[in-house]
Every structure is written in structure tokens, then in C-alpha cells.
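**Q** As a plain string of letters, each chain reads:
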Amino acid sequence: MSEPAQEVTIRPLDELDISAVVGIDEKISGQYRPEVWERRIGYHLRRDPDSCVVAEAAGKVVGFMLGEIRSGEFGLDEPTGWIEVLGVDPGARGRSVGRRMALAMLDYFRTRGAHSVRTLVDEDRDELSGFFSSLGFQPASLKPFVLSL
Amino acid sequence: MSMKTSTLPKPYHQAVRAWQDEYLPDFDFLLENWEKHFPTEPKFELCAYRQMGMCTEIECGEMKGKPKFTHAAEMLPEQAHHLFAAIRAQASTEFGSIQQHRLTLARAQEEEEQFWILRMMAEELRHGYQMLHLLVEDDWSVVSQESRSDLVEGILSMNTGSHLLGAFNIDFDSFIDNVVFCGLVDRVGKYQLSMQKVSAYQPMAESMPQMLREEAFHLAAGVVPMRRWVTAAAKGGTFVTMADLQKAFNKWIPRALEMFGDERGGGTNVRFGLKPMKNSQAQAQYRDEVEKLVRDLNLRYLRALDESLSPSAAEALLERLLREGGSSEGSGGTIRAEDLLRLPSSDYFRRRGVPAFRLVGAGGETFSDVASYLQHLVRTLPDAYRASRDFKDYVELLTAVHDGRLKIEEAASRMPSLRRVGGACACSKAVRWVVDEPQPAQPAAS
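Chains as they are written, first to last, in the numbering used here: chain A, 1 to 149; chain B, 1001 to 1446.
What the hints contain is simulated information worked out from the structure, not anything from laboratory work. Hints are supplied without guarantee of correctness; some may be wrong.
[Said to hold, decoys possible] Part of the chain A face toward chain B, derived, beta carbon under 10 Å:
| # | residue |
| --- | --- |
| 1 | P12 |
| 2 | L16 |
| 3 | V22 |
| 4 | Y32 |
| 5 | R39 |
| 6 | I41 |
| 7 | Y43 |
| 8 | R46 |
| 9 | R70 |
| 10 | E73 |
| 11 | D77 |
| 12 | E78 |
| 13 | G91 |
[Claimed, not checked] Straight line, CA to CA, 20 Å or less: simulated EDC-like cross-link-like pairs of lysine to aspartate or glutamate:
| # | chain 1 | residue 1 | chain 2 | residue 2 |
| --- | --- | --- | --- | --- |
| 14 | B | K1292 | A | D14 |
| 15 | A | K27 | A | D48 |
| 16 | B | K1278 | B | E1059 |
| 17 | B | K1043 | A | E78 |
| 18 | B | K1190 | A | E78 |
Beta carbons: idealized from backbone N, C-alpha and C, even for Gly.
All chains should be modelled from the sequences, with the hints used to inform the complete structure.
**A** The following block contains the structure:
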């Protein structure tokens, strides 16, 4: 029986969460990619550890969300919060884990002076689009372009 | 939430810069290569940061709910004395770790890891600077008759061997120490900073958030290379073996545990609102964290050794090997229980606190005589460390304790004695602290 949603707590990510993040990614993607997450989490801990969070339930990490505040990119001069990646343990879905993490990050971005938060979602990922829409995110005028090399 | 930035008055700032030239000569090299290794990340600045908008009421202890102190003179003398000692100790550790890291920094095999450590050293310099800022900005005459110049001089003149905490008086033997120190000893630092974040002294509390942010990376600069090393070891790499890592853990964990202070103490700091946890509480939490680190490294090792292992199979195999010993055949070769990392017993190789000078082995086993215990230490500590002055001192004190020539309390309190003689620091009136030669052991009966 799954635990009630209120037992989920949010805290800043730390270096001992790498294994848990690798594990959640493995459950979602089917790939074991520790090197990828060691590098990525190392980057975020170096840059601003408070802009990344994990969700814990019963002492176990059940979700993670990585982001940062940047300015000067894509013509956006003002400090802008970016949510870059999130993952929720499939066994913990339906408990507002993603929402709680996002709200914690939005709070943090606000305290750091960001007036807007952005993210990029693939058009095919309806679930993710719905998630961000439910938080109040709206389609933006910035259009992604890509060039294959 | 805003951050206030300030610098030390010019003479003290210059003194820190002079210290940096001596002990962190690669500082300019770091800045020159910053863009290469840390693109898009704000450049390092040597300054003090204070976070504004923090809680202004004392958060724990007998004065809970009262306004925090903004000046040392407002505090009870004993309270100010404890705080002053904590700031000096914190400053000593920050500068002390740089002196240790510099010895073996150049021996790193990977440029990336070397730059991580170099950046970490620069940030430790900033942390020391932050602590000096606390000492210089306020009037500490309520607890110290030393002038500001002498306070700064005293701290900047410390060297490996004369620092206030044992972990900072031990030379590094290889780059393994740089990395393991970050993962284990900086973790104690994280606890101290987290506890000081609620300090009843507002300037101390405001100094902690930025230091904690930087400390998060310092821990990663230890843990990520260790994770890479165990992976390489599993794949047959011979640069850093599991045995090397285990011995480094055995070297540093006892000193890290002692950094929390005596297991029976810490109540005064809690009562005064300077920290929210007693020593034993914080030490127990630390030990749990290191246990998690050891487990993560072992799982990383097992899955690198046998890539067919699922997460749950790796966990089950780890449990079985740790419980039963023996070995298991994996796709990448034989997995042996003896190759797995283990957290040494809390009583192992201790010289301070409740277990000081007990003859307890890494696995918690006890020894009946010093000679057999020393043979155990020979097997469980790094070779280079056993040839050090620090280990020699420990062996002499251990022998004196077990011969009945020295009481445990006396041996445990043996620290480098400092005395002031002529010196030449850029900021002061030419005074210097040096290490005195140790006094001969006194008979236990005296």
C-alpha cells in the first residue's frame, strides 16, 4: 500500500543522492548511467546546490529536480530560473511528488530574485506538458531550434 | 534574500593575500583557467558574504526566543568565550586544510579532479577569510586581550602540526588523501557549519549559508572521484585500489569523529544557543552519512564488476558478502567480500573522546596488548602514514597509556603547544606561533 502524500518531504539535493538519482533514472529510462549523473550533479552542486531538490518518503529518495538561475542567455537579461530535469520514482507517482519539488524550487527562485521560471518540454511528452501547465506554466514565445551535425 | 559582501580592512586583506601566495601558489593559475573548467560559473572572489533576512531570534538553548546577539560584548562572558574558541577553531581548519592539500595537489592523475580540489582550496581560503572577518569586525576584548592584528597573526601563523584540531595536523601522503579528506573531513565541516547556521551570534549565523553552498561542492569533489575510482578498481584499474581507499578511510574517519569533540560534551554550546546538537548527536548523524557513502561506493563497485547485476541483485549480493564473507562469481570476475569497503569501528584508532587509546580494531575486535594492536594498525593504515610524525606520536602516547606512565585524559589532551616568538607576518607586529617540542610523559601516579 502506498504511503500518504503528506509524508513526502523536500530538501536540497546533496552528493549522497547520486545513487538514488541514478536508480530513479534507471527505473524510468531502463539505462544505468552513473557517470552521467555524477557529472551532472557535480555541476549543480558546484554552481548552486540550493537550486536542486529531492523528495523523500520514509527516508528514501523518490524524486529529484535539478535547476539553476541563469541570466544573459537567449536574450533574457534578468535572472531566470530554469527547471532542467526531473524524475519521480514510478512507485511514488500520484502523490504530488513532482508538484512539491517544483513548488519548493519556485520558492527558491523567487528568493533569489528571479521573476520567471522556464523549462523546455518535448511536444510529445504530454504528461510533462500537463504537469507544468498544472503549475501555471504557459507556452512561451521562445522557439527551440536544432541543427543536426 | 540578499547577500552582503565585504572585505577585511586592507592590512588584514593583504595578510591573507600574502598567506595565499605562500600556501596557495596556484591561485592565479586557477583564475586563469576558470573558464575552461567552470564555464558559466561566477568567478571566485576573496571576500566575506553575509546572508541577510535570517532568523533574528535565538533558536535553541536557554535563551531561545530572545533576540540574537550582534556583538560579542552583549553575550555572557562564558558564552562569548565558547563562540570565540569556535571561530578560531573554524578559521584554523580552513587555512589548515589548504596547507595539507597543497602537498599532494600536483600528484592528481586527472586534470578535472585536480581543478576541483584547487577550487575547493580557494573556497576554503575564503572560509578562513570569513572567520577572520568575524574576529576583526567585532570587539572580542571581553574574552581575549589580543589585538586584532595578533588574532589574525595567530591564525595565519599556524601550520600543519600546530592547528587546533588533530585532523588538520596530519600530512597528506598522496592525492587519495586530497579526495578522501574532502569526502570525510569536509563532511564534518558541513555539520559544524549547519549547526552554526542557528548560532545565537547573528554575524556567525549569517556567515554560514554561503559557506554551506560552497561546502556542498567540496563534498562532491570527494565523493565523485571516489565513485570513479571504485569503478576503475572494479574494471581492473590499479591506480587506486579498494584496499587503498579502505586504508585512507581508516586514517581519516577516527580523526573526523574526534572533530565533533568529546562524545560526552557539547551541552554548553546547546545551552548557550550556539549549536542545536550535542557532540554525540552530531557525530552519530555523521557516522550514518558515512555509512551511506560506504554502501553507495560498494554498490557502485559491484555493479561495475558485474554489469549484469540489477539494482536489487547488487543490494542482495552486498548484504550477503558483508554478512557471510566469501566470494561470488560475476560477469567481470570474482567478487570478494574482502575487497568491499567497511566503515571502521567508532572506537578504532582513537586518541580523543570516550574511546581514546582503547585497543579496538577496525572491525570492532579488541586486543589484549599494545604490540598485537600495533600489528593490526600496520595492516589497516596506509604505509606512508605509518612513517609519519603523527603516527609516531600516537604510538608513543598509546604505549605510555598502556604502560601506566600516562593517564588517558592526559594523553588525550596532548596537543601541539604553541608559544610566541619573533615572526614576520605582513599584517602584524612581528609575532609568531610555533610548535613547542612535546614535554616528556609524566608518571601516571603523579
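**Q** Does each hint fit the structure? Answer for all of them.
**A** Checked hints:
| no. | hint | verdict |
| --- | --- | --- |
| 1 | P12 | holds (8 Å) |
| 2 | L16 | holds (6 Å) |
| 3 | V22 | holds (9 Å) |
| 4 | Y32 | holds (7 Å) |
| 5 | R39 | holds (8 Å) |
| 6 | I41 | holds (7 Å) |
| 7 | Y43 | holds (9 Å) |
| 8 | R46 | holds (4 Å) |
| 9 | R70 | holds (7 Å) |
| 10 | E73 | holds (9 Å) |
| 11 | D77 | violated (15 Å) |
| 12 | E78 | violated (16 Å) |
| 13 | G91 | violated (13 Å) |
| 14 | B:K1292 - A:D14 | holds (12 Å) |
| 15 | A:K27 - A:D48 | violated (27 Å) |
| 16 | B:K1278 - B:E1059 | holds (15 Å) |
| 17 | B:K1043 - A:E78 | holds (19 Å) |
| 18 | B:K1190 - A:E78 | violated (32 Å) |
In summary, the numbered hints that this structure violates are 11, 12, 13, 15, 18.
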